[in-house]
Each structure stands twice: as C-alpha cells, then as structure tokens.
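Chemist: In case you want the letters, here they are:
Protein chains: 2
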Amino acid sequence: MAFHETIQQFPSLQKSSSFFDPSTVIAICVFFTLLCVCIIIGHLVEENRWANESITALLLGLCAGVVVLLLSKSISTSILVFNEDLFFLYLLPPIIFNAGFQVKKKQFFKNFTTILMFGVFGTVISFCLISLCAFYLIKKIGVTNLDTKDYLAIGAILSATDSVCTLQVLSQDETPFLYSVVFGEGVVNDATSIVLFNAVQSLDFSNVDGLTALKLVGTFLYLFITSTLLGVVAGLLSAFIIKTLYFGRHSTDREVAIMIIMAYLSYMIAELINLSGILTIFFCGIVMSHYTWHNVTESSRRTTKHGFATLSFIAETFIFLYVGMDALDIDKWKSSHASAGTSIAVSSTLFGLVLLGRAAFVFPLANIKNLVGKREGTKIKFRQQFIMWWAGLMRGAITVALSYHQFSGSNTSSEAALMITSTLIVVVLSTLVFGSITKPLIEVVMPRQLKSLNSDVTDNQSLEDLRILLLENGDSIDDQDNNNGNNNQQPRRASSLRLLISNPTTTVHYLWRKFDDKFMRPVFGGRGFVPYVPGSPTGEADADADADEAS
Amino acid sequence: MAFHETIQQFPSLQKSSSFFDPSTVIAICVFFTLLCVCIIIGHLVEENRWANESITALLLGLCAGVVVLLLSKSISTSILVFNEDLFFLYLLPPIIFNAGFQVKKKQFFKNFTTILMFGVFGTVISFCLISLCAFYLIKKIGVTNLDTKDYLAIGAILSATDSVCTLQVLSQDETPFLYSVVFGEGVVNDATSIVLFNAVQSLDFSNVDGLTALKLVGTFLYLFITSTLLGVVAGLLSAFIIKTLYFGRHSTDREVAIMIIMAYLSYMIAELINLSGILTIFFCGIVMSHYTWHNVTESSRRTTKHGFATLSFIAETFIFLYVGMDALDIDKWKSSHASAGTSIAVSSTLFGLVLLGRAAFVFPLANIKNLVGKREGTKIKFRQQFIMWWAGLMRGAITVALSYHQFSGSNTSSEAALMITSTLIVVVLSTLVFGSITKPLIEVVMPRQLKSLNSDVTDNQSLEDLRILLLENGDSIDDQDNNNGNNNQQPRRASSLRLLISNPTTTVHYLWRKFDDKFMRPVFGGRGFVPYVPGSPTGEADADADADEAS
Numbered sequence: 001m002a003f004h005e006t007i008q009q010f011p012s013l014q015k016s017s018s019f020f021d022p023s024t025v026i027a028i029c030v031f032f033t034l035l036c037v038c039i040i041i042g043h044l045v046e047e048n049r050w051a052n053e054s055i056t057a058l059l060l061g062l063c064a065g066v067v068v069l070l071l072s073k074s075i076s077t078s079i080l081v082f083n084e085d086l087f088f089l090y091l092l093p094p095i096i097f098n099a100g101f102q103v104k105k106k107q108f109f110k111n112f113t114t115i116l117m118f119g120v121f122g123t124v125i126s127f128c129l130i131s132l133c134a135f136y137l138i139k140k141i142g143v144t145n146l147d148t149k150d151y152l153a154i155g156a157i158l159s160a161t162d163s164v165c166t167l168q169v170l171s172q173d174e175t176p177f178l179y180s181v182v183f184g185e186g187v188v189n190d191a192t193s194i195v196l197f198n199a200v201q202s203l204d205f206s207n208v209d210g211l212t213a214l215k216l217v218g219t220f221l222y223l224f225i226t227s228t229l230l231g232v233v234a235g236l237l238s239a240f241i242i243k244t245l246y247f248g249r250h251s252t253d254r255e256v257a258i259m260i261i262m263a264y265l266s267y268m269i270a271e272l273i274n275l276s277g278i279l280t281i282f283f284c285g286i287v288m289s290h291y292t293w294h295n296v297t298e299s300s301r302r303t304t305k306h307g308f309a310t311l312s313f314i315a316e317t318f319i320f321l322y323v324g325m326d327a328l329d330i331d332k333w334k335s336s337h338a339s340a341g342t343s344i345a346v347s348s349t350l351f352g353l354v355l356l357g358r359a360a361f362v363f364p365l366a367n368i369k370n371l372v373g374k375r376e377g378t379k380i381k382f383r384q385q386f387i388m389w390w391a392g393l394m395r396g397a398i399t400v401a402l403s404y405h406q407f408s409g410s411n412t413s414s415e416a417a418l419m420i421t422s423t424l425i426v427v428v429l430s431t432l433v434f435g436s437i438t439k440p441l442i443e444v445v446m447p448r449q450l451k452s453l454n455s456d457v458t459d460n461q462s463l464e465d466l467r468i469l470l471l472e473n474g475d476s477i478d479d480q481d482n483n484n485g486n487n488n489q490q491p492r493r494a495s496s497l498r499l500l501i502s503n504p505t506t507t508v509h510y511l512w513r514k515f516d517d518k519f520m521r522p523v524f525g526g527r528g529f530v531p532y533v534p535g536s537p538t539g540e541a542d543a544d545a546d547a548d549e550a551s
Numbered sequence: 001m002a003f004h005e006t007i008q009q010f011p012s013l014q015k016s017s018s019f020f021d022p023s024t025v026i027a028i029c030v031f032f033t034l035l036c037v038c039i040i041i042g043h044l045v046e047e048n049r050w051a052n053e054s055i056t057a058l059l060l061g062l063c064a065g066v067v068v069l070l071l072s073k074s075i076s077t078s079i080l081v082f083n084e085d086l087f088f089l090y091l092l093p094p095i096i097f098n099a100g101f102q103v104k105k106k107q108f109f110k111n112f113t114t115i116l117m118f119g120v121f122g123t124v125i126s127f128c129l130i131s132l133c134a135f136y137l138i139k140k141i142g143v144t145n146l147d148t149k150d151y152l153a154i155g156a157i158l159s160a161t162d163s164v165c166t167l168q169v170l171s172q173d174e175t176p177f178l179y180s181v182v183f184g185e186g187v188v189n190d191a192t193s194i195v196l197f198n199a200v201q202s203l204d205f206s207n208v209d210g211l212t213a214l215k216l217v218g219t220f221l222y223l224f225i226t227s228t229l230l231g232v233v234a235g236l237l238s239a240f241i242i243k244t245l246y247f248g249r250h251s252t253d254r255e256v257a258i259m260i261i262m263a264y265l266s267y268m269i270a271e272l273i274n275l276s277g278i279l280t281i282f283f284c285g286i287v288m289s290h291y292t293w294h295n296v297t298e299s300s301r302r303t304t305k306h307g308f309a310t311l312s313f314i315a316e317t318f319i320f321l322y323v324g325m326d327a328l329d330i331d332k333w334k335s336s337h338a339s340a341g342t343s344i345a346v347s348s349t350l351f352g353l354v355l356l357g358r359a360a361f362v363f364p365l366a367n368i369k370n371l372v373g374k375r376e377g378t379k380i381k382f383r384q385q386f387i388m389w390w391a392g393l394m395r396g397a398i399t400v401a402l403s404y405h406q407f408s409g410s411n412t413s414s415e416a417a418l419m420i421t422s423t424l425i426v427v428v429l430s431t432l433v434f435g436s437i438t439k440p441l442i443e444v445v446m447p448r449q450l451k452s453l454n455s456d457v458t459d460n461q462s463l464e465d466l467r468i469l470l471l472e473n474g475d476s477i478d479d480q481d482n483n484n485g486n487n488n489q490q491p492r493r494a495s496s497l498r499l500l501i502s503n504p505t506t507t508v509h510y511l512w513r514k515f516d517d518k519f520m521r522p523v524f525g526g527r528g529f530v531p532y533v534p535g536s537p538t539g540e541a542d543a544d545a546d547a548d549e550a551s
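Chains as they are written, first to last, in this note's numbering: chain A, 1 to 551; chain B, 1 to 551.
What the hints contain is simulated information worked out from the structure, not anything from laboratory work.
Chain B residues, not near chain A, derived (Cβ > 12 Å throughout): (1) VAL68; (2) THR113; (3) ILE125; (4) GLY210; (5) ALA345; (6) TRP389; (7) VAL433; (8) ARG513; (9) MET520.
Which bits of chain A does chain B cover? Going by a derived footprint, with three or more residues having C-beta under 8 Å, they are: (10) 29 to 35; (11) 248 to 258; (12) 261 to 270; (13) 295 to 302.
We put the beta carbon where it would ideally sit given N, CA and C, even for glycine.
Sequences and hints are given; from them, build the entire structure.
Modeler: Encoded structure:
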C-alpha cells in the first residue's frame, strides 16, 4: 500500500516507463489473452465433433469484437483493423511451410495430377463462373457502382478456399485420399487465386484480345514452375549445408535456426522477385522434410517437428481470432450505407455463388478423371466428390486479405465497403456452417469401412509389380491391374514404356525413388543416409503420440 | 526463355503481384540472408576462442552496412535505422525468457543476495559515477549544449551491461559461480538501468529535495517486487492450467503454444501496467522451468528446451547484426557535425567511464561481501572479481535502444546526434574488444583447476548438515563450517534460528525445498510429481548432448 501511494505521487514517472505506444501493448495483450482462452476452449471441445479451434477462435473473436465495440462506445478502434502485412508476412508463411513439412508426401505426389487439375482448372472455372454471375446478379440487387475489374476481383477473391480450416476438419489418417486432394488443391488454389487476382488488378481492359488469355496462361505456368523450383532449391541448399557442415556437432540451435531462416527466406525471396511465396515455401517444406530433416540431430528433429506445428497452430488460431474481431469493425459497416436488406441480399448471393462455383468444377472434373483413369481403385466415388465439394466451401483469411486489398485504400465508395462487409459475412458464415458440419457429415457419408477403402493397397501392389518388372525383369506378375481382366497369363516382359502409359504416377514415383537413392540422397542426405532414423515428421507420428501418452 | 519473354511483355502484371512494400521485403531478405551467413560463420569459428557469434554478427553487420551505404550512394536508407519497438517487443523477450528458462536455478538462488547487491547497488553506483564524470569531462571537450537530464541519461544508458554477450563468453558449466553472478546481475542490471532511465526522464529538476531519492527507492522496490510477483504468478498459472487440463492428451502443440503465449503475455502485461517486463518474463521463465516444464509431455519438453533456445539464439544474432548495420547510418554521422577529434574524445571518455563505473562497484562490493560473509568457500577471490569486472564491460542493444530513446526524436541538436554515434562506438568497441578477449582471459586468469574450485561442494555439504539438523535432528555433524574452527566436538542440537543466521541462503533454500515439496508441487506439478522425468531444461543437458552426438 505504501509503495502504491508512493507511485501515485509519481504519476509522470509511471507514465513514461514503457517504451511503446500504449495502444500496441493493449492490442497485443488482448490478442494473446484471447489466444490463451482459445487454446483452452479448443482443448475442452476437442472431442466435440461439431466444434474445432477455428470456430472457437472465430466466435471468440466476434465476442471480443462486441466487447471492444461496447467499451470504446462505437468509436473506431485500430485494434480491429485487418492488417495485410501482418497476415502475409508473418502468419501465412509458417502455416503453409508446416503444411508442406508435415504433408504425407507419398499421398500428395500420388494424387499430384488430380491436385493440379482441381487447383488450377477448378479455380479458373470457379473464378469465371462467380465473376460472370456476380456481374449480372449484384447489378439486379441495386449495386451499380462497381466496374468490370471489381467483378473479376470478386471472382478471384471468392475462389480462394481456406486450406487452414480444411486441415482441421479432415483427418490425414482417416481419409488420406480426401485430405491430400482437398488440402493439396487448397494450396495450389491459394496460389492460383492470388495470381488471378493480380492479373485482374493489372489487366488493361481497354485492350483485351485473344493473346491476353494466352499471356495469362504463360504467366501462370512461369510462376508455378519457378516458384516450385525456388522452394526446391532452398530446401536442397539447407540439406546440403547442414549435411556438409554438420551443425549438430556444436549446437542443435543452429540446425533449427537455419531451417527456419532458410524457409522464411525462400518465401521472402519469392515475393521479392514477384513469384508465389506460398508455392515456394510449401515445396521448401516438402524438400526439407524429405532431406534436411534427416540430416539433423534427434533433438532437432523433435524440435522442428513439434515446433513448426506449434507455430503454425498459433498462426492459424490468431488468424481466425483476427477475422472474427475484424468482422465488427464499425467503420466499414457505417461507410457501406447499405440497408440490411441489400446487405443480406448481396451476402447471400455471394454465398450461393461460392457453392455454385465449387460445384461447377468438382463434379465435372472428378467425372472426367474417372473416365480417363482406367483402374477401378482410383475412381472418385460420388460420396468422395460430395465431401471434396463440401470441405472446400470454407472461405478464410486469404479471402479477407484480398478483399481488403481490392476494396479499401483508394476505393472508398460505399459499394466497396459493402463488398468488404459482405465478404466478411461469407467468411464467417462459411467457416461456422461448413466448419461445424463437415466432421459429422464425413461420419455419415463415409462410414468407417469406406474410409479405409483407399487406393493405397492397390497402388502399393502396382508398385510391387513395377519393381519386379523393371528391376528384376521377373515373369511372375499376377493381375493387380484390374483393367487387364483375364488376359494376364501371357508372358509378361512388359516394356517400362507400356507401364508408364498405363500407370503413369506409380511409374514416375518408382523412377523417382531410384533416382533419389542413387543421386540425390548421397549428396543431400535423407532417410537411410544418416546413422539413426527415429521416425519422419510425417511417418511414425502414431508411435510418437504413443510415447507422449505414456509419459 | 519463352516464359520469361511473356513476362517481360507483362510488366504491370509482374509489378503488382506482391502485397508488400518492396523496401520491407528487401530489408527482410537482406537480414535473413545475413543471419544465415552469421550462423554458418559462427559454426565454423566455434572452436576459435577469440571469436563468437556476437562478434561475427556485429562485424558482418558493419560490412553489410558498408555495402548498403555504397550501393545506396550515401543516401540514407531506412533499412539501417534501429527500431526500438522491434527490439523491445520482439527481440528482447525471447532472450530474457530463455535465460530464465535455462538458468541453473540452484546457482542463481544461492547467489541471489550477491546478484541483487551487484545488480541494484552496483548499477546505482555506476550510474552516479558515470553521470557525474560525464558532466565535468564532456563539457571540457567542448560539448556544451547538453543539460543535466542528458548527463543523467548517459549515466543510465552506459550502466546497462549486455547480458546477451555475457552468455556467450562465460560458460555455465565451466564457471558456474561467475556465470550465475555476472549473468544474474546483468538481468537485474537491465531492469535497474531502465527504471533509472525512466526516472531521469520524468524527474522535475526544478524541485529536487530529500524526498526525491526516497521516492526513487520506493518506486524501484515497488517495480522489482511487483514485476517478480507477476512473472511468478504467470508461470504458476501456466503450470496449473497444463497440469489440471492435461493438454498433452490431445495435442502437444497446445502445451508448447500456451507456454509461449503466457510467457509473452506476462511481458506485455508488465509493460501495460508500467512494470519491468524484463524482470517479469525472467521470473516467469524460472517458474516455468521449475513447474510447467515437468507437467508437459516428453515431446513438448524437448521442443520447448531447444525451441526456446533457438528463438533466443536467432534474436541475439539478429540484434548484433542490427547494431552493426545501424552503426553506419549516415544520417546520424552527418547531423553530428563533430570533428573526428571531438568524436574520438567523447567516445574514449565514455569508454573510460564504462571501465571506471564498473570498477567502482565490483571491487568494493565484492570485498564488502567477503568481509560480511564468514565462510571461506564463499569468498570472492581477486581473480574472480577481475573476471566479474571484465565480463560486464560489454555494452549492447539496451544501451543503443536507450540512447536512441533519449537523443533522437524531439531532440535533433548536433550534440544529441554526437551522443548517439559515440554510444554506438562504445557498444561496437566494447563488444569487439571485451567479447573477443574474455574467453582467452578466463583461460589465463582462471586455470582449469581453479574453475572447479566452486562453492558447490561446500554448500552441498552444508545443505546436508541442515537436512540432518532440521529433519532428523541428528548429532553427527562434522565440521564443514570452517569458521567454527575446532570447537565442533560439542553436542550439536543447533537451533534452526542459529543456522539461519550463519547460513542464511542455504537455510532458506532448504526451507523452500520443504515448502515446495509439501505445498507447491502437489498443486502446480514439477519434478517428481509427474510420471516420467527425463532431464530438466537446465539439468541433464550433457546426457542429452551425448544422445545428440550419438544420433
């Protein structure tokens, strides 16, 4: 008490004892307190199949937004404003890197063509459909001040699925095929939407000709290939440095530090030379988990595996909290000048377009794939198509970030503000509705016996065929290839070319494995080329979890 | 090539595809590339006793500064400007937290009175001396425009030792006593300097009376006690939450996340209510390593132990790189308008005052402690005093940050710019000189046989005495207490009061252990109250390192 009175007599001394802007400190305190609460609630509702961390964070963000609004008596507060820089510089990279680092590489590459097809063509289809429909429907509602560019931007904005939330509703272990396709598509989709969005931003609509589309395709291919290459090079470089210098000799900290720094550096360099940082850091994560991770000490392996997951987890929770709080930024609502009716009409139109836009490519593309692919085990059943459609309906932080980029800043019309609030409503609604229903829905649509019916088994057997064929030139192949029917008693010195045609992915995977073992791993390290391998970041997770449970 | 040409035709599309300010991206790329280089060089010079990571980073920062200067043709570049917010919000907290988390608690608390004495009284003595001498000497050089407040600020600025660099030149395992005293003093010293600095900032010099000093003392005690308490409460809360809810059941990520977030939150809350965030997060780290760390799963233990160390390591390297680059900010040099002679005179005066200011309290206080302390084993030898003086001479990022706070912004006189450049010279020089010479010096001054002559053994035996006395009321104590000489054949049912007086620290430690086992650990968890304990973050580091080497 005495001390406290002393302090009271020293108001000026107390006021200046912090070096920061008080509002920054308050904002950080509020956010971190909410993060703590989110984590605790997320833990408590873990076994509840309707809820997950994203929904908790979003709802908590909304509640906090209400409280802040009431406390600040409807005066705008900077705490609520979504900051693009914070999102793209600090929150997105750890999430995407960790996704690449923990993804089951075999599943991912096995479904690579499917992922690319959905992620690229699907997103383009969705973009065209949403832009076109928005152009006609939103004008009918009475919003007339938007130009062609804005409608195209809306198409790109609403085509970006939320891969973060997908990670939480789909299980990598229970539904590996769906997980790898929907999540992989999500990453490619993010990159595609951002490229489309940027293309729209810079297109000159006074001079559109047939070449424009071709140029767009060229740009996209250039971005995709160079971004991927950059990520691969960064990953390989880190593997080579750590293998050659053997950092673990002196300090495990340096190993972990160089992995973090090189991954982040790859993202920033990609952004610097105008490539897609998301693709770069994703592939950097994949390469690091395949090579670098096996070159470090056991301590560093554990640290990176759990440390990266934790960073990604914090960033994810933070984003949803942020989006939730941001939805209640009173300034935007005030400046939209829209009646509740208009607002609801626009939001529900956009919401409907999201459903439609995704349906317009998931079902057609899946059926095209079923027609082209000959083997029974790889066909995508209608139930799976439905889940693929449904699980990709959530819209998240990328949508919010792109929407701010398009409709704030220079563009301060009431229509622009209306578009921001409508996008926010779509994001919040889709996360709450689809996020909470997806898990129970999967349980209904895909009973447990169906889940285990993956193409893993078939493919492993095909791989076995190939090994026998290519490596041992054996004659004793039994019919795993269902499409060959009964004509498999003939002598079987099949050429690798024929196999490559009938089983392209598996063959490529097999040839890659041979190349990897012969040329890559001796230089860059990797499983089997370091003395002691206790479980990859993706592999023996269960054994590790068991060890955790036991301790 | 074809793609590249396509891109060339699309300049506007390419330009806008990044969402950030290009200068931010460039700055981040440069810093992270330099960090990579630092880590690699630091690894290569690990066995060189003259160099360490701080010096490498500082030199590399200087070189990079030169390159940036040449490239930008002496135009001021924002990349070089030291940012207080970045330092105090993001770089300092992980370093101090990790210091608390990894500190050997037993050593730290055993030397707690010494640490407090050096950290508080020592800093005050240094502050008074440096202020007073600077007041007379700098005026003589010809710098006349500074007022009393500035001189007092210089005293506080130059009294802040650099605990980061100390961590690198002293070894916790080789010289535990010196390490714990010098480093512990460093943490308390940081807090004291910042409190003194803030007090100076807000003092009204038109109205100084006898009460002012008393008020300062009151403020300091209030800050010290409440900050410590806040850190302890935050640590205990995290231990309680993790123990009660058992996060590890579902996810190890949540455990690690909640530890990081609560630690950071404690720092921010301390800053919010104008306490010393440094002290708070330091004690939070200590409590977390004592309780919380034992409540989490084995995976989380490894992850936190190495993860926090890595974060701290990156932040440290970053700071030195930053200070190195910042030293070449051409704007400051231009605006100081000082001749080389004046600049050198002021810098060397300040440098000399740093040496003098530290000597003025290390030797007297150490000898006072030797006079008061009765037991032979706890006396601080002259060699140790010398190392204590020497190892605390480095000035670092806190000095830079405080100097910017005082002499930039509103105060744009050429004298103020001169003070910033002079402080920077002192920081760079002291880090290079003392940083590189300390390790070899310790080897010369303290040969290996002397290093192991620590009071550990004696104290462990004293603790054993106490256990026998207090717990078992035994009669069989042999003479560990050298001051009692030969009169120890008498019956020894010494009262705990007498022991408390003769061995205050040990007794307090013993009583604390009893209290801890009976009341604290059952509630908050900790070693022995969780099923499986594989080595604390401070304890079995060697066993862990062995495991790393083997893998």
